[in-house]
Structures are given as C-alpha cells and as structure tokens.
Amino acid sequence: MDTVRYETVDAFRDHAAALRGSDLARRRRVLVCCGTGCLAGGARGVAEAFAEHLPDNKQTELGLVVKRTGCHGFCEKGPLVVLMPRGTFYRGVKPKHVPEIVERSVVGDEVIEELLYVDPGTGKPVAGYGDIEFYAKQTRVAMRNIGLIDPANIDDYMLRGGYDALARALSTMSPEQVLQTIEAAKLRGRGGGGFDAGRKWRSCKRAGGDVRYVIANGDEGDPGAFMDRSIMEGDPHAVLEGLIIGGYALESSQGYIYVRQEYPLAVEHLQRAIEDARGRGLLGENILGSGYSFEIEISRGGGAFVCGESSALMRSVEGKVGEPRAKYIHATDKGLWDRPTVLNNVETWATVPCIVEKGPEWFTGLGTERSKGTKAFSLVGKVKNTGLVEVEMGTTLRQIIFGPGGGMLDTGERGKFKAVQTGGPSGGCVPESLLDLPVDFDTLTEVGSMMGSGGMIVMDHSTCMVDVARYFLSFLVDESCGKCVPCREGLFQMYQIVSRICEGKGTPADLDKIDDLSQAIILGSLCALGKSGPNPVLSTLQYFRHEYEAHINEKRCPAGVCKALITYSVVNDRCDGCGACLSACAVGAIMGTPKKGDTFKIDALACDRCGACVAVCKRGAIAVA
Amino acid sequence: MTQSTQTQSMTTEVDTRPAEEILGQYPADARYLISVMQDIQLRYRYLPREALERVAERLGVPLAKVYGVATFYKAFSLTPKGEKELRVCTGTACHIRGAPLILSELTKRLGIKPGETTPDMLFSIEAVNCVGACALAPVVVVNDVAHGNVSVTGVRRLIKAPRKSGGAGGGTNKTTKKQDN
Amino acid sequence: MEQTGPSTFYMTINGRRVQASAGEYVLDVTRRNGIHVPTLCHHPAVEPFGSCRLCMVEVTKEAWKGWKGLMTACLYPAADGLVIETDSESVHRVRRNVLDLLLARCPDSGVIQKLAAEYGVTRTTFTPRENPDLCILCGLCTRVCETAATAAITTAMRGHERVVGTPWGGPPPDCIGCLACAHVCPTGHITFEEHGLTRSIWGREFELERCADCGKPLPITRDQAAFLCRRQEMDPSYFSRCADCQRKMVAERMGRMARWQTLGLAQEPAERGKEVAR
Chain Z
0 MDTVRYETVD
10 AFRDHAAALR
20 GSDLARRRRV
30 LVCCGTGCLA
40 GGARGVAEAF
50 AEHLPDNKQT
60 ELGLVVKRTG
70 CHGFCEKGPL
80 VVLMPRGTFY
90 RGVKPKHVPE
100 IVERSVVGDE
110 VIEELLYVDP
120 GTGKPVAGYG
130 DIEFYAKQTR
140 VAMRNIGLID
150 PANIDDYMLR
160 GGYDALARAL
170 STMSPEQVLQ
180 TIEAAKLRGR
190 GGGGFDAGRK
200 WRSCKRAGGD
210 VRYVIANGDE
220 GDPGAFMDRS
230 IMEGDPHAVL
240 EGLIIGGYAL
250 ESSQGYIYVR
260 QEYPLAVEHL
270 QRAIEDARGR
280 GLLGENILGS
290 GYSFEIEISR
300 GGGAFVCGES
310 SALMRSVEGK
320 VGEPRAKYIH
330 ATDKGLWDRP
340 TVLNNVETWA
350 TVPCIVEKGP
360 EWFTGLGTER
370 SKGTKAFSLV
380 GKVKNTGLVE
390 VEMGTTLRQI
400 IFGPGGGMLD
410 TGERGKFKAV
420 QTGGPSGGCV
430 PESLLDLPVD
440 FDTLTEVGSM
450 MGSGGMIVMD
460 HSTCMVDVAR
470 YFLSFLVDES
480 CGKCVPCREG
490 LFQMYQIVSR
500 ICEGKGTPAD
510 LDKIDDLSQA
520 IILGSLCALG
530 KSGPNPVLST
540 LQYFRHEYEA
550 HINEKRCPAG
560 VCKALITYSV
570 VNDRCDGCGA
580 CLSACAVGAI
590 MGTPKKGDTF
600 KIDALACDRC
610 GACVAVCKRG
620 AIAVA
Chain B
0 MTQSTQTQSM
10 TTEVDTRPAE
20 EILGQYPADA
30 RYLISVMQDI
40 QLRYRYLPRE
50 ALERVAERLG
60 VPLAKVYGVA
70 TFYKAFSLTP
80 KGEKELRVCT
90 GTACHIRGAP
100 LILSELTKRL
110 GIKPGETTPD
120 MLFSIEAVNC
130 VGACALAPVV
140 VVNDVAHGNV
150 SVTGVRRLIK
160 APRKSGGAGG
170 GTNKTTKKQD
180 N
Chain C
0 MEQTGPSTFY
10 MTINGRRVQA
20 SAGEYVLDVT
30 RRNGIHVPTL
40 CHHPAVEPFG
50 SCRLCMVEVT
60 KEAWKGWKGL
70 MTACLYPAAD
80 GLVIETDSES
90 VHRVRRNVLD
100 LLLARCPDSG
110 VIQKLAAEYG
120 VTRTTFTPRE
130 NPDLCILCGL
140 CTRVCETAAT
150 AAITTAMRGH
160 ERVVGTPWGG
170 PPPDCIGCLA
180 CAHVCPTGHI
190 TFEEHGLTRS
200 IWGREFELER
210 CADCGKPLPI
220 TRDQAAFLCR
230 RQEMDPSYFS
240 RCADCQRKMV
250 AERMGRMARW
260 QTLGLAQEPA
270 ERGKEVAR
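Residue numbers (numbering that gives the first Met the number 0), protein chains in the order written: chain Z, 0 to 624; chain B, 0 to 180; chain C, 0 to 277.
None of these hints come from the bench; they were simulated from the model. From the three backbone atoms N, C-alpha and C, an ideal C-beta is built for every residue, glycine too. Careful: at least some of the hints might be erroneous.
To be verified - Quick partial rundown of chain C residues pointing at chain B, CB under 8 Å, derived from the structure:
hint	residue
1	Ala147
2	Thr149
3	Ala151
4	Thr153
5	Ala155
6	Met156
7	Arg157
8	Thr165
9	Pro170
10	Pro171
11	Asp173
12	Trp259
13	Gln260
14	Gly263
15	Leu264
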C-alpha cells in the first residue's frame with residue numbers, strides 16, 4: 000500500500016514539506032474519537048455512519064477528511080466528534096446524529112446546540128474546543144497529537160511535525176549531543192520514580208560492552224491511570240520516534256515496548272506504526288541513510304502489576320516470572336539479559352522528540368525548579384469532567400480539580416471534596432487543606448504521597464478513607480510477586496488488620512501495630528511495590544486518623560461505606576411503594592405491599608448491604624446509617 | 000485459590016494442532032514463552048496441559064517452569080472459561096463508583112465467585128485490574144466488549160443467555176488478532 | 000559489572016576493620032570474620048536470592064554523608080570504605096517482624112520458633128495461617144533443583160497464594176529423586192521415604208540403584224544416576240557399587256597391581272571387565 004521510502008534525510012524532509020504544503024494538509028477535518036473509552040460508548044457505529052455519509056469522493060468534493068482518532072481524554076462525554084479547524088466539539092454522538100451533523104455542520108456551517116458540551120459552571124453550551132475549560136487549561140506536550148490525528152496513518156503524524164526531531168538528530172547531532180540535550184532538559188521519568196532520565200542514560204552509556212537495550216514501559220498498572228494507554232493508542236509514532244532517538248543517543252540497536260495485557264488496542268496500533276515506520280525507512284536498517292540501525296519489538300505483559308517495576312518487567316520480556324531484583328544491581332549496568340538497559344515510561348519517550356526539536360531551554364522554561372515540563376494526569380473519581388489532563392508542573396491540585404476537572408460531581412454535604420489520591424497504590428491521599436499544593440514530583444512526596452504515574456482520584460464524603468486503605472492493600476496483596484517476606488506476608492497481615500477495623504473489630508493497639516509493621520515493610524521489602532505499599536495506609540492515617548478512630552472506638556463508619564457498620568432502612572415518609580427495591584434485592588431482605596409506602600421494611604439480619612436498593616430508589620427513601 | 004489439581008474437565012482429548020501452529024510461528028527460544036502462551040490462551044480460552052507440554056518441549060523450558068509462569072500471570076487460566084467471560088474492572092475509579100456492588104450482584108445471581116465458571120460453562124466472572132476506561136466507571140468487559148457506566152439493573156442484562164453479537168452498550172473494543180507472520 | 004578501585008580493600012563491620020575482595024558479597028565477609036548474620040534463604044550451592052530479608056544490615060559510606068541504607072548482606076557487593084552495622088535498631092525491627100510474620104505462616108516450625116525467640120518473639124502477633132505447613136517459601140528447593148538437577152519443581156501462583164510444588168500439583172515428570180530439595184530445605188517441610196529399593200518423594204516412586212556385588216541399595220536412584228551420567232558425561236559403572244564394595248574392589252586391584260610389579264609386568268595380563276572410573 001505505502002510505497003514511499005526515505006533513503007536520505009533530505010528525501011524525508013522533501014516529502015514532509017510536500018505533505019504539509021499539500022491540499023490534504025489544508026482540508027477541514029472531521030475527527031471521530033475511537034479511543035477505548037469512546038468505543039465502549041458506541042464510537043464504532045458513529046465512525047461507520049460517517050464513512051457511509053461521507054465516502055471518499057464526497058470528502059474530496061467537500062475538501063475535507065474524516066479521521067478516526069485516539070482518545071481525547073474526555074471519555075465520559077463520548078463518543079466525541081470534533082470538527083477542525085473550527086473546533087466544534089460534539090459530545091455523546093450517536094449514529095443517528097450523523098446525517099444531521101453532515102448536513103448542518105459539515106456541508107453547512109452551523110453548530111448543533113443539542114450536541115454541544117455544556118459548561119458545568121455557566122450552564123451554557125460551549126461551541127469550540129478551545130473554549131472548553133477542560134482543554135483550554137491544558138498544556139499538551141506528551142499528548143500533543145492525540146485526538147487530532149489518525150494513529151494508523153503515518154502521514155498524519157508527519158503533518159503535525161512528526162519525525163522532524165529524528166531527522167534533525169540523525170543529520171545534525173552526534174549521539175553524545177542528543178544525550179547532552181536530554182541531560183540539559185532535566186527530564187525526569189514520568190512513570191513514577193521521577194528519576195532524572197539524562198542521568199540514567201548517561202550511566203547506561205558509561206557501562207561497558209557493545210550491546211545495549213532501550214525499553215518503553217507501557218505497563219501502566221496504577222488503577223485509575225490511562226495516560227499511557229491513550230498515548231500508545233492515539234499517537235504511537237511519538238513513542239517510536241522517542242525510542243529511536245534514545246537508541247541513537249545510547250548507541251543501542253534494539254528497543255522494546257512492553258505493553259500490558261489489558262491494552263490490546265494499544266498493541267495493535269503500535270504494531271501498525273512499527274510496520275509503517277519500517278516501510279518508510281524510519282526504523283530498521285540504515286535509518287534515513289544515516290548508517291544507524293534500530294529495531295523495535297513489542298512485548299506483551301501477562302497481567303501482573305509488579306511487571307511495571309523495571310527489573311520485573313525485564314524478566315517478563317525474557318519470558319520469566321516477573322520477580323524483581325535488588326536495586327543494587329542497576330539496570331543500566333545489568334538489565335535485560337544482563338546488558339546495560341535504559342527503561343523509561345511511554346510518556347517520557349513521547350516527550351523526547353519535542354525536546355530534541357524545540358531544544359532543552361524550551362522544556363526547562365516550563366514547570367518548576369526541580370520538575371521541568373508538563374505532566375499528564377488521569378483525573379477520575381468524583382469530579383464532573385473525568386479524563387486526561389496535561390498541565391505544566393507546578394499547577395496546583397485545586398486548579399486541576401476545579402479547573403479542567405470542573406469541580407465535584409455530586410452536590411450536598413456528601414458531595415464535598417474530601418481527598419485526592421495521587422500516585423496509585425504507591426501513593427497517598429491529599430486532604431482539602433493541601434489543595435493549593437503546586438503539583439510536582441517533590442511536593443507530593445513531601446506531604447506523604449507521590450506523583451506516581453499521574454493517577455489522580457478525587458474522593459468526596461461518600462468515600463470511607465479506611466475502606467480506601469483496605470482497597471489499596473487488597474490490590475497490593477493480589478499483585479505482590481511473593482518473593483520477599485515483608486511484602487508477601489507483611490502487606491497481607493496489614494490487610495487483615497485494616498479489614499478488621501472496617502468490620503468493627505479493630506482495637507487501638509492495631510494502630511501501633513500498623514506503624515511498626517509499616518516501618519519494617521518499608522525498610523525490608525525488596526522492591527518498590529513492597530516499600531511503598533504502606534503509603535496508602537500511612538497517609539490516610541496521617542490526615543484522617545479520626546475516621547480510623549471512629550471505626551475502632553465507636554464502631555462507626557462516618558462515610559456510611561463499611562458494610563459491617565451500616566444498616567439500611569426505609570424512610571417510609573419518602574417511600575411511594577413502587578417496589579423497585581424489592582425486585583432489586585437479591586437476598587429478599589425487603590418486604591412491603593405494593594403502592595403502600597408505609598409498609599416497606601428492610602430485614603436488617605437478611606440485608607447484606609449490597610446497596611442495590613439505594614441505587615434503584617428514585618425517591619431517596621432508603622437511608623444508610 | 001489453592002494450587003490447581005484439576006485435570007481436563009472435558010472428556011475429549013485436547014487437539015494440540017492449534018498449539019503446534021502457534022509454536023511454529025515463533026523461534027524455539029525460551030524468551031517467547033509468554034507470547035506463545037498468550038496466543039494459546041486466546042485460541043483455546045485457557046491453557047490445556049497437553050499444549051503446555053508441547054510448549055515446554057519446543058521452547059526448551061522445563062515443564063515446571065512453564066507451569067510456574069502460567070500460574071504467575073493473571074492473563075492465563077488453567078481451567079476452561081465460560082462462553083461469556085464477565086470481567087469486572089476493580090480499578091480505583093470503578094471501585095469508588097460501585098464495582099464491589101456489581102461483583103456481589105453477579106456473584107449472587109450466577110452463584111459463582113470471581114475466578115469461577117458456572118457448571119453449564121456459560122459464564123465466568125473475573126475481577127480484573129484497571130482496564131483504562133476510568134472515565135466510564137464502573138466498567139464490565141464482556142468477551143472484549145467494554146460496557147461503561149454499568150448499573151445494578153444493567154448487570155442483569157449482561158447475564159442473559161449468550162446471544163450472537165454484543166450485549167448492552169453497543170461499542171466494540173477490538174481484540175488483537177495475531178497476524179500470521 | 001563496573002569495577003572501580005583496588006581488588007582488595009577494607010570495610011568496617013560493627014566498628015571492626017576487615018579486609019574484603021572485589022566480587023565478594025558482604026555476607027561472605029561477615030562469615031569469614033565470624034560475625035553472625037542470620038539467614039534462611041541462603042545456601043552455598045545456589046546464587047543468593049534475597050527473599051527472606053533476615054540478613055539485612057545497615058550500610059553507609061562516607062560519600063553518602065550520613066545516609067544509611069538497609070541492604071541484604073547476601074546480595075550487597077563488598078566495596079572499599081563501606082561501614083556496616085549488623086545489629087542496629089532498624090535491622091532488628093526488620094528481623095523481628097520478618098520472624099514474627101514467618102511464625103504466623105509456620106507456627107509449628109521449630110527452626111522459626113527458635114530464631115524468632117532470639118528476637119523476642121515467642122508467639123506471633125499476627126493472624127496465623129489456617130492449616131499451616133512448614134514451608135517458608137525461601138525458594139531454596141526450587142533453586143537447587145534448577146541448578147543441580149532438572150528444575151522439576153517450581154513456585155506457582157504469586158503473592159500470598161504462592162506455593163512451592165509441582166506441575167498441576169501432580170507427580171513431577173522431571174524429578175529424578177535426588178533429594179537435593181529435601182536436604183536444602185531449612186524447615187524440614189520436604190519429606191521423603193525410603194523402603195528397601197524404593198524412594199518416594201513428591202508423590203513419585205523411584206528405584207534405587209543397587210550394588211552389583213552385594214545387592215545393597217545405593218543412596219542414589221536410577222534416574223539420578225542416568226541424569227548425572229548424561230550431564231557429567233560419566234560412565235554408568237561409576238554408580239554400580241556401594242561404598243564398601245568399591246573400597247574392596249580398589250584394594251584388591253591395588254593388591255593385584257603390586258603383584259604385577261613384582262612379576263615385572265607393565266599391566267595385568269589379559270584381564271577383562273571391571274574398570275575403575277577415574
């Protein structure tokens with residue numbers, strides 16, 4: 000299909016220039032989001048409807064192109080359709096809307112109000128992409144192309160400047176110069192460790208031998224995080240370009256992209272991008288005639304959070320169980336197959352081309368003193384606008400949550416902000432008093448949390464913090480590889496203690512026990528999964544000790560979550576006898592005569608507090624105490 | 000879950016030809032163990048012992064090690080899965096938005112626990128890690144079709160007897176079909 | 000691995016200056032100098048693993064400006080100028096908790112009870128395991144099986160569900176009955192039986208080799224003998240005699256050789272058969 004191949008840098012540059020000056024570049028764009036989120040909402044049907052109503056010849060006639068793009072990061076509002084250059088942003092699009100969109104907004108020049116996004120603050124529909132607070136307040140670097148290009152089309156990537164950085168590196172810079180550029184940019188890894196990438200690359204370069212590997216960590220195991228997914232699905236070439244440049248700097252000839260098993264679409268898109276890049280001569284033997292050769296292979300994960308840990312990941316690529324190694328053996332000395340290896344996160348690699356293209360000073364001009372550039376966050380939980388937000392380091396939590404986030408989802412006392420969990424299972428909760436904390440690697444660590452890979456889970460007063468600690472512990476117990484005692488046994492026992500507290504069987508001595516055990520786990524664990532395992536408990540204890548004490552001393556769950564400590568009852572004044580709760584109850588704990596609201600009752604002994612009745616009751620007639 | 004001592008629950012012999020085909024697509028090198036097993040899992044919907052014995056032989060990996068890797072990773076199952084695999088996402092966003100409720104509802108309605116399959120082999124329930132669709136929490140993936148914003152009543156629609164194409168929710172999440180190379 | 004500095008150098012352990020060489024681990028140095036550091040998952044027959052965490056020691060260096068790290072002595076490379084404490088408060092906190100946790104896992108293990116008592120733990124403060132066995136998941140058995148034998152057993156599952164066992168829980172097809180796993184197990188969890196000519200372990204039965212001369216069972220199974228012959232390219236007849244008969248045979252041979260010498264012969268006249276392997 001694609002017969003273009005660049006034998007030299009000039010050939011690439013000429014073609015890129017031609018593309019960018021062509022008619023194709025000038026056409027209007029109808030962008031249909033086909034990221035995992037929108038697909039779950041029915042985007043495929045929408046895309047097919049567009050294909051039907053706007054076949055190729057019609058597209059040419061109208062001077063536009065229809066593209067299926069990756070995730071915009073605003074999944075809750077999907078399926079999304081964006082019309083560029085106008086920026087018209089339609090949300091919740093269904094196949095039945097398509098003919099009207101084509102007639103009125105594509106052929107015609109109108110905006111269909113009913114499909115526009117409504118700003119939760121003003122209550123008014125917003126016409127343009129650029130006016131939507133969610134996007135307006137973002138500085139997209141790593142996510143610069145997602146949602147605007149077809150990830151399966153390498154020309155689209157090039158239209159947005161793709162592979163210019165690679166061409167520049169190969170033609171005007173030596174490997175050493177590229178390395179120095181990254182060092183000067185003070186790029187810190189975006190996977191969670193925040194380690195200086197330049198330093199890591201430098202130690203790998205210094206290690207002996209002539210075989211080195213570069214790896215992109217696409218394991219993204221933190222629950223609640225999906226930035227890397229959207230980058231791999233929506234802009235796979237950005238990752239490739241970064242890896243090739245990195246390989247060049249490190250004089251490596253083999254790269255790997257490790258993608259977690261739960262992301263099949265990402266694997267597919269990356270696979271396609273690799274084939275296309277190879278076909279064009281941007282990957283493989285003698286890239287752009289420079290003499291530099293580099294290959295990339297995709298390695299799929301088997302379903303293990305621990306494989307996000309660098310040494311465990313490498314074992315997994317080697318076909319073994321994902322057991323980490325002690326950190327005294329640096330991967331930059333002995334990594335994959337005991338060769339010097341650089342492993343960085345997908346988001347880090349996606350940032351590399353920008354730094355090479357625009358220069359390190361551009362990058363250091365963004366962000367804070369110790370954390371340069373931008374960071375992509377996945378803002379989820381009890382906020383109005385859940386999705387992916389990329390902002391400059393140093394933006395405050397409040398600005399993120401109440402700006403692009405649109406503020407809290409629910410109203411009333413229970414809907415008020417309580418905490419935001421950052422850094423996934425290795426991180427901690429940040430309370431309201433610290434909302435004005437500027438977000439960067441170090442500030443979050445100083446308050447007992449960490450940035451981690453960028454997951455930000457907003458919680459309101461319907462969330463029980465002890466239950467949150469229990470949840471994270473249960474996750475870690477499930478994901479522990481089991482090699483070392485402190486993590487395998489220690490986290491399990493900690494989970495037992497916190498569970499008992501949730502069940503109303505806790506004692507004050509438990510809190511001291513948690514303290515002592517946590518210290519032992521932090522000091523004694525082999526890898527970061529164990530070492531940071533106690534963080535969720537310790538940080539919730541630090542800021543929400545009163546909740547733990549209520550569970551222990553009063554056998555009460557203030558948020559009304561812990562099943563053993565709550566009872567469900569019918570508020571007969573509000574009940575209209577519709578019987579929805581009765582049908583919803585799977586254990587038959589509700590009785591009542593239909594249409595007679597005052598007869599409905601819940602048998603507290605039979606009730607298992609599953610919450611089904613609360614969910615279906617339209618009158619708010621079920622109380623949780 | 001204790002170490003599985005379950006042998007083939009089917010009375011028929013396992014056809015190892017698809018496994019041989021898959022093995023033929025990879026070099027005979029131990030490093031491809033996980034990739035090979037992923038393809039076999041996709042093809043058979045579990046990892047039959049006979050297939051793994053062939054894998055051990057072909058890739059030169061001791062059978063015990065193959066078994067160790069197969070039981071370490073969540074992607075693999077040593078027992079056959081049901082026709083409809085219901086994977087309830089238990090990521091943090093989904094947890095907060097009611098995943099435990101969905102899980103307990105499914106457990107109650109189908110009479111099996113997460114990790115198990117109904118005796119009639121129609122349904123399997125799994126509690127899985129974050130699938131990356133957090134903005135649509137809570138999410139249930141039914142045989143690679145992701146359903147977002149699942150409610151309690153929505154759960155009941157998901158467990159109607161398997162029909163030909165997709166369940167409630169409409170959208171299709173593409174699976175990776177391994178290209179023949 | 001990068002090696003900077005001299006190949007022998009000095010470290011300080013518990014205030015004592017000791018010599019060490021490049022390529023050694025801290026544990027090797029402590030052992031050589033009679034400094035006690037407890038271990039459970041360490042064994043000279045296999046590479047260090049770092050799973051029990053008992054051998055943790057506090058490490059610092061001048062260049063670290065007061066920062067101290069806890070490292071497992073079994074895996075931490077000895078280096079010039081290291082300052083090590085083997086019994087600091089942090090070290091003891093880890094050891095005490097590790098043993099307390101292991102006691103919860105294996106409350107009936109005499110070995111663990113004894114070690115735990117040394118750190119003040121007589122009963123576990125955690126929730127004991129239901130139906131406990133004696134396996135502490137040190138991994139020595141699987142590692143030694145992989146190194147010295149056929150990798151017949153494995154760790155299965157992960158995390159708290161992790162177990163040491165066999166493929167599909169059944170008799171392991173690759174086992175040769177060598178008992179390396181049972182010998183190396185620190186708690187006696189792995190058991191075996193021997194009756195007459197049969198040895199059973201892991202649900203499998205093995206036939207023992209027997210002495211070609213006296214018929215006594217030898218402490219090696221036929222599978223094991225075959226494996227060793229394959230691996231070391233040895234002659235099978237090496238395993239055909241018990242120790243006593245072997246000695247007798249060698250003594251007789253030496254007697255015969257002495258006789259030939261007195262007879263002035265270079266070697267035994269026309270004697271076929273039993274060769275003594277090198």
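Each hint, compared with the structure:
At its closest, the beta carbon of alanine 147(C) sits 13 Å from a beta carbon of chain B; the interface hint therefore is violated under the 8 Å criterion. For threonine 149(C), the suggested interface contact is upheld, since its CB lies about 7 Å from the closest CB of chain B, less than 8 Å. Given hint, alanine 151(C) at the interface with chain B, holds; its Cβ is 6 Å from that chain's nearest Cβ, closer than 8 Å. Interface hint status for threonine 153(C): upheld, as the beta-carbon distance to the closest one in chain B is roughly 4 Å, under 8 Å.
Nearest Cβ of chain B to the Cβ of alanine 155(C): about 4 Å, under the 8 Å cut. The hint holds. The interface hint given for methionine 156(C) holds, since its Cβ lies 5 Å from the closest Cβ of chain B, which is under the 8 Å cut-off. Annotation: arginine 157(C) was flagged as interfacial toward chain B, and the flag holds, the nearest CB pair being 5 Å apart, inside 8 Å. At about 7 Å, the closest approach between the beta carbon of threonine 165(C) and any beta carbon in chain B falls short of 8 Å, and the interface hint on this residue holds.
The restraint placing proline 170(C) at the interface with chain B is violated, with a minimum CB-CB distance near 11 Å, outside the 8 Å limit. Given the 8 Å rule on beta carbons, the hint for proline 171(C) holds: about 6 Å separates it from the nearest Cβ of chain B. The beta carbon of aspartate 173(C) comes within 6 Å of a beta carbon in chain B, closer than 8 Å, and the hint placing it at the interface holds. Annotation: interface hint on tryptophan 259(C) violated; nearest CB of chain B at approximately 49 Å, more than 8 Å.
At a threshold of 8 Å, the smallest CB-CB gap from glutamine 260(C) to chain B is about 51 Å, leaving the interface hint violated. For glycine 263(C), the suggested interface contact is broken, since its CB lies about 56 Å from the closest CB of chain B, more than 8 Å. Hint status for leucine 264(C): violated, given a least beta-carbon distance of 51 Å to chain B, over 8 Å.
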